[in-house]
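**Student:** Residue numbers (full-length UniProt numbering), protein chains in the order written: chain A, 1 to 261; chain B, 1 to 261; chain C, 1 to 261; chain D, 1 to 261.
Hints in this document: simulated from the structure, not taken from any laboratory. Please note: incorrect hints may appear among the correct ones.
Unchecked claim - A short, non-exhaustive set of chain C residues, derived as facing chain A with CB atoms under 7 Å:
id, residue
1, Arg134
2, Asn135
3, Ala140
4, Leu164
5, Ala188
6, Ala224
Here the structure is a predicted model, which is why all the values come from computation and not from measurement. Glycine included, each C-beta is placed from N, C-alpha and C at the ideal position.
What follows is each chain in one-letter form.
4 protein chains.
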Amino acid sequence: MTIRVTVWGENVHEHENEIVAGIYPKGMHTTIADALNRDSGVSASTVVMQDTDHGITPEKLADTDVLIWWGHKAHGEVSDAVVERVANAVWSGMGVIFLHSAHFSKPFKRLMGTPCNLSWREAGERERLWLTSRNHPIAAGLPDHFELENEEMYGEPFGVPEPLETVFVSWFAGGEVFRSGLTYKRGAGNVFYFRPGHETYPTYHDANVQRVILNAVKWAYNPAPRIADPSAAPNVPVESALEPIVERGPKLHKDGEEGYR
Amino acid sequence: MTIRVTVWGENVHEHENEIVAGIYPKGMHTTIADALNRDSGVSASTVVMQDTDHGITPEKLADTDVLIWWGHKAHGEVSDAVVERVANAVWSGMGVIFLHSAHFSKPFKRLMGTPCNLSWREAGERERLWLTSRNHPIAAGLPDHFELENEEMYGEPFGVPEPLETVFVSWFAGGEVFRSGLTYKRGAGNVFYFRPGHETYPTYHDANVQRVILNAVKWAYNPAPRIADPSAAPNVPVESALEPIVERGPKLHKDGEEGYR
Amino acid sequence: MTIRVTVWGENVHEHENEIVAGIYPKGMHTTIADALNRDSGVSASTVVMQDTDHGITPEKLADTDVLIWWGHKAHGEVSDAVVERVANAVWSGMGVIFLHSAHFSKPFKRLMGTPCNLSWREAGERERLWLTSRNHPIAAGLPDHFELENEEMYGEPFGVPEPLETVFVSWFAGGEVFRSGLTYKRGAGNVFYFRPGHETYPTYHDANVQRVILNAVKWAYNPAPRIADPSAAPNVPVESALEPIVERGPKLHKDGEEGYR
Amino acid sequence: MTIRVTVWGENVHEHENEIVAGIYPKGMHTTIADALNRDSGVSASTVVMQDTDHGITPEKLADTDVLIWWGHKAHGEVSDAVVERVANAVWSGMGVIFLHSAHFSKPFKRLMGTPCNLSWREAGERERLWLTSRNHPIAAGLPDHFELENEEMYGEPFGVPEPLETVFVSWFAGGEVFRSGLTYKRGAGNVFYFRPGHETYPTYHDANVQRVILNAVKWAYNPAPRIADPSAAPNVPVESALEPIVERGPKLHKDGEEGYR
């Protein structure tokens, strides 16, 4: 059984910025997908923002077990219809991993219901990630801490809901901390946010970072069949109640009528 | 110090349905506000959907410590701009309580990031609410369980994120259960969902229900000053880093540049 | 890769009570283990309270990936040393599932830090379990609700900490509700509490109950190596600090001294 | 209405160590209590380990709304009976705040159900606490971050259960991070852990630290009457079931019999 991963790349900096192009000549999404494909249990493909429907067609989502999202400069260019499509797929059971600047992507904000804001500094400073949940599957095979010599700083307060679990917390040389690995569930879908990955540094070539993403894919994957209509609000008629009851009192809805939305 | 509450009423059924008009001649919102105003620490006013901006002007929100929302038939008529205004006020620190069919209201879905769906039946059946978090402030003065002889059924699975705390769980005569009292935090704002309150039954005249809503107002209220810009993502320049660091490596942003959204 | 399960049986009622002996002639633990062994990925064995060290030797725990615990009448007879042994194994990464009346077992109370109390009634009434977390792995292959025609009632408030996730909530014919499936993490170990299983009813022969227990075994299993000393509190000497720091100010401990416990 | 606080001091270092005695001539507990007593809504007294029953008599607990606990060197000398007394008071509704090295105190470990371990270094290094939950009442009046120039380092992984909310995360000059402010509920009682306070530094004279402790007292305080028996597991006889049910099937317990523990 193979986990089908789709890596979504914004794919702008790679073409506009020489440094990014130098580190990720085939795009950040390809580097991430290539690393995942070294695991025999994963089959990762890529789509980019410039594809039709940003590459996020209904067919593609139906064939995706776990979606990985990296965006930064062009958050605002992602169409709202695609955002709703992603949200619906997550609610129906697709796993999703948001990387770094995707904290401000439309689908992440849509699923969190919060501003998802933070403070930041681009100084190539040292980041050290500390494990805060021992033996968490997302940390499998990793030491209690690991370093990225050059990273962008993200600082607290991070404007997200309290997670199910805080898996990593980052230390920054300039004096800040950040909750760097956070798990959520939205509808039937598992959600993981992972902080590292500024585009001007070779973060996605780092073995520990690649390991976290691979672990997160396995954690987020849910083999259960997708829920057909994750927003359904079915009426249960009185005559098919599980316990025998008699209808009482005044009613607003006629029999068989749909509920309001 | 008085807690300023605004009760938002959809105010449609009260004018279209004789039964609802009979139970709530001045509107459900007025019944809720009147009950709150019996407490000397609360000052509750009402607005209705038909008011300009649905009554949710920036000035009104600035003067509101806790917003209470009841809607059902006309969820779709609430403007998206007002929904964003409510969300921003919550993120900045306003408390908010969603009642019954407001599970499908736009602001609740906006803040949860999930479908917020459930199953339902309108049969006037018995509901019994059980306390699941002992001595929770929202349950102050209440017994371990209380009953509503006639209510609409809402059944699990309820499509919401795992809450901070589950405060009440409901039993229904027809065989279902429902997590009836759930707490969340979104940005700086406290959020409470409370299930009872179908418009064709006198639920908001019930003393226990009124007590829960009053308790929830006090729980949701946060005396801290509102956060001015709850979505701000400030850049921290290298030269003002809390620890002395030297800028290293390539940069994407020029000095003083705003981040992408 | 096979998950090694140990089913711990109190093994008292089966010998003292004809009804229990009739339903579980080889003991409840054997019924549970036999059901698990039908899955090719699981290898389940049994131990009973009457064994040396209640069957919970250090060697047995070292060979156990997931421990299942059923006890009722003889909670007080379990030695405190064995309770600590179990707690240490969980903290080091062993999964553990507590069934039904094990809510009052010593190891469960030890791991929860709360009274774990509830209300109860032995009337053979109908219990209906509702799923509250869609597509949760512990509910894999199960419908949104299932029934046990005869069960003991457990009622809220259930004196446990707020769980990571509430997976099931039960409805009882006599009017109560109960959070029937709850997940926790304690140290590196996953913990699941599952309510059904009164000894005078054939609950552990029920296919849905067996499915939940099998799913929970797979959920609780953590393939990571056990943590050698889950209570270790290592001193990090100044000279091996990850960032260069200079010792400042007065000290309580001499160099190389152990911390206080 | 005044919140009655009892500050428990281990009171050993203050008599054995000149540095500690110099910073806290009347004991750390007295410094903490004096700071609290500057607030007109709080009445704080102190007890010390050397008092009869360590000062924790049933009468004292009955008169305590919030207990504050600081211990380090003599954790092992605290009697288990007193630990159970404290746990019972918390379960019945008393608030409790554990400070710094009390992470290894018996009552904290008892309430958490985990090892509560961490890494540590005594180098007088800089600690900076960051707020992670905006406008949390425990952070009222505090900036987004504040510093303690000299503190002992505590590092992750911190062996505690996932909290209800993470309120503070600390940055240390030597490269570690730590979840420094954590909220829990145990039974009916609110629990807060707050990291700073090594005895050889003047931490409890710091205005921000004093403010956190005062805020935490107000947060932990629950005005509801204490639960008389927080471990009670009442039987609900069939004839007094809330819904009419008929007893069915075999029974283990005779009518009116107590449950097993």
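**Student:** May I ask you to test the interface hint for Ala140 (chain C) with respect to chain A, counting a Cβ-Cβ separation under 7 Å as satisfied?
**Tutor:** Result: holds, 6 Å to nearest chain A Cβ.
**Student:** Close enough to count: is the Cβ of Leu164 (chain C) nearer than 7 Å to one in chain A?
**Tutor:** For Leu164 (chain C), the interface hint holds, since the closest Cβ of chain A sits about 6 Å away, which is under 7 Å.
**Student:** Does Arg134 (chain C) pass the interface check with chain A, least Cβ-Cβ distance below 7 Å?
**Tutor:** 4 Å, holds
**Student:** Is the interface hint for Ala224 (chain C) satisfied, with its Cβ closer than 7 Å to some Cβ of chain A?
**Tutor:** OK, holds: Ala224 (chain C) within 7 Å of chain A, min 4 Å.
**Student:** Taking 7 Å as the limit, does the beta-carbon of Ala188 (chain C) come near enough to a beta-carbon in chain A?
**Tutor:** 4 Å, holds
**Student:** Once the shortest beta carbon distance from Asn135 (chain C) to chain A is found, is it less than 7 Å?
**Tutor:** At about 4 Å, which falls below the 7 Å cut-off, the nearest Cβ of chain A leaves the hint on Asn135 (chain C) intact, so it holds.
Checked against the numbered hints above, the structure violates none of them.
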